[in-house]
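J.: Respectively, the protein sequence lines represent chains A and B.
Here the first sequence stands for residues 1 to 318, numbered as in our numbering.
Here the second sequence stands for residues 319 to 581, numbered as in our numbering.
Some clues are possibly wrong.
Derived pair list, reagent style EDC-like, types lysine to aspartate or glutamate, alpha-carbon separation capped at 20 Å [to be verified]: (1) 124/A with 143/A; (2) 218/A with 381/B; (3) 303/A with 381/B.
Hints were generated in silico from the structure; no laboratory data involved.
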Amino acid sequence: MKQLLLIPALLLAAPLQAAEIWVTNEKDDTISVIDIDSLEVIRTIETGERPRGITFSRDYSRVYICASDSDTVQVMDPETGQILHDLPSGEDPEQFVLHPNDRHLYIANEDDAVTTVVDTETRKVIAQINVGIEPEGMAVSPDGSIVITTSETTNMAHWIDTETRTIVANTLVDSRPRHAEFAAQASELWVSSEIGGTLTVFDVATQAEKAKIEFAVKGVHPDRVQPVGFEFTEDEETVFVALGPSNHVAVVNARTFEVEDYILVGRRVWHMAFSPDKSLLFTTNGVSGDVTVIDVARREAIKSIKVGRFPWGAALRP
Amino acid sequence: MIPYLIALRAIVTREAYRFVGQRSRFIAALVRPLLWLVVFAAGFRAALGLSITPPYQTYTTYEVYIVPGLCGMVLLFNGMQSSLSLVYDREMGSMRLLLTSPLPRWWLLFCRLLASTAISILQVYTFLGITAIYGIRFAPLGYVTILPALVIAGLMLGALGLALSSLIKQLENFAGVMNFVIFPMFFLSTALYPLWKMAESSEILHDICAANPFTHAVELIRFALYVQFNGPALIWTVLATAVLLALALWGYDPARGMVRRKA
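This is chain A alone, in the form it adopts within the complex:
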């Protein structure tokens, strides 16, 4: 009985996560900050024009924002919301990835068909690598040796050696690749193809295609099923995939490559971020202008939170 009485006490005593999800609003030129405990927007911060990609430095003391129409990457103090300085980024930066060395930012310049490497300390461009047309998706391998750029029109994933800063391999994927992620344990690279409607899995060592995942949402025309952003759970057993204008997030088994579930979210879902313990997933729904919160264990949408117009990127600030 005593133990039973303890349960509510323990529930009350459970530590609050006190973390935030930062969401860039493409049309509003702002960032909406969502409190993970209350699931409400607690702050709105002005940014440069058309903010899209967003990522924090390793110690979370700075936040990098791709201000696409301002042709710059902004560096912000997350405490004050002040822009500390801009980084030279090349034209129209859309997505980027911070190298594990916490110093080099690899930026996809959509209009210029290049990947720009910027040193965040010296604030200088240290390399520009020619890639395919309309580069967008960016990923870095866990050991930092390879950076991936996907080009939307060339339909390729470009494998860039971070030592020599040259392309060492190109792999074809389906139409309009938008996002890439490495699966550390399985040593795989996953790439989503928006128009092709697929996810392609590559073996990192051989760069050979390992699997291709297709989606079918009941009652939705296949043309509307457009995979964009995706995230792995902590154990890398499960992948959550945003399926764009199908308004659903797919749950994929990362071992069998089978789609296990579809979760209804807001309109045109593109990117997502997890809470610190990865129990909640926050998806950005561009057209409906909100963020849907998914209970990861139950695979259920629990709430949709209004943010600015056309939310695009999402990042966790613990």
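Using the hints provided, position chain B relative to the given structure of chain A.
T.: This is chain B only, laid out in the frame that chain A set:
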């Protein structure tokens, strides 16, 4: 007090026997909402989700939206069915026998109302059980909090049935009740579409729906299913129950109502 309870037990037992005896009625009462759920809702599936209105926190598919409305449908049809059987009882004489009891008439009618509501609720829970098997599930607590809402809504629709049965002189007139009461009540409510959707097509339609007591009964059930409380819906439903019950008592009053005229 004891004679009151004896009457209550007798009436409830009789209704229970009738219910057990008419298994086809039970199945029919379940088939109707299930057809709506599986066939109608499938066509309007709205796979891309309905807009968010309270009590929903996020986007819902049409199949999920329609469930509280179909619970209301079970209550509505059962309320009418029970009024139909009252008309039958009156024609066959068993009702008259009951009404000659020395107990006050309001108590006898109220017992009858309680009995039919209890059976309605049983049907709703069976329906919810089947929808859960079908794949539409709600929070476990919702199945508990829905109970008081079902009781109030069931009493209201039962009272409506009682009031109607006092007006209907013959069994054959029941088809008229179907056309002029059940269908308008069901279609002009939030059972099938949210209010904002009605407002999109016509303001008048929206106003009718907003005033329809069945809308409030459905909303009361909908909120309760999501462990939320809807005050205005509760007030509306209770008010409608009181008015309909008063009307039914008036109708069954031998000095004034329709019963006397028929006799």
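J.: Given the hinted pair residue 124/A and residue 143/A, is their Cα-Cα distance within 20 Å?
T.: Since the Cα atoms of residue 124/A and residue 143/A sit roughly 23 Å apart, the hinted pair is violated (cutoff 20 Å).
J.: Please work out if residue 303/A and residue 381/B have their alpha carbons no farther apart than 20 Å.
T.: Since the Cα atoms of residue 303/A and residue 381/B sit roughly 18 Å apart, the hinted pair holds (cutoff 20 Å).
J.: Residue 218/A and residue 381/B were given as a pair; does the straight-line alpha-carbon distance stay at or below 20 Å?
T.: Measuring from Cα to Cα gives roughly 13 Å; hence the hint holds.
Against the hints set out earlier in the document, a violation occurs for number 1 only.
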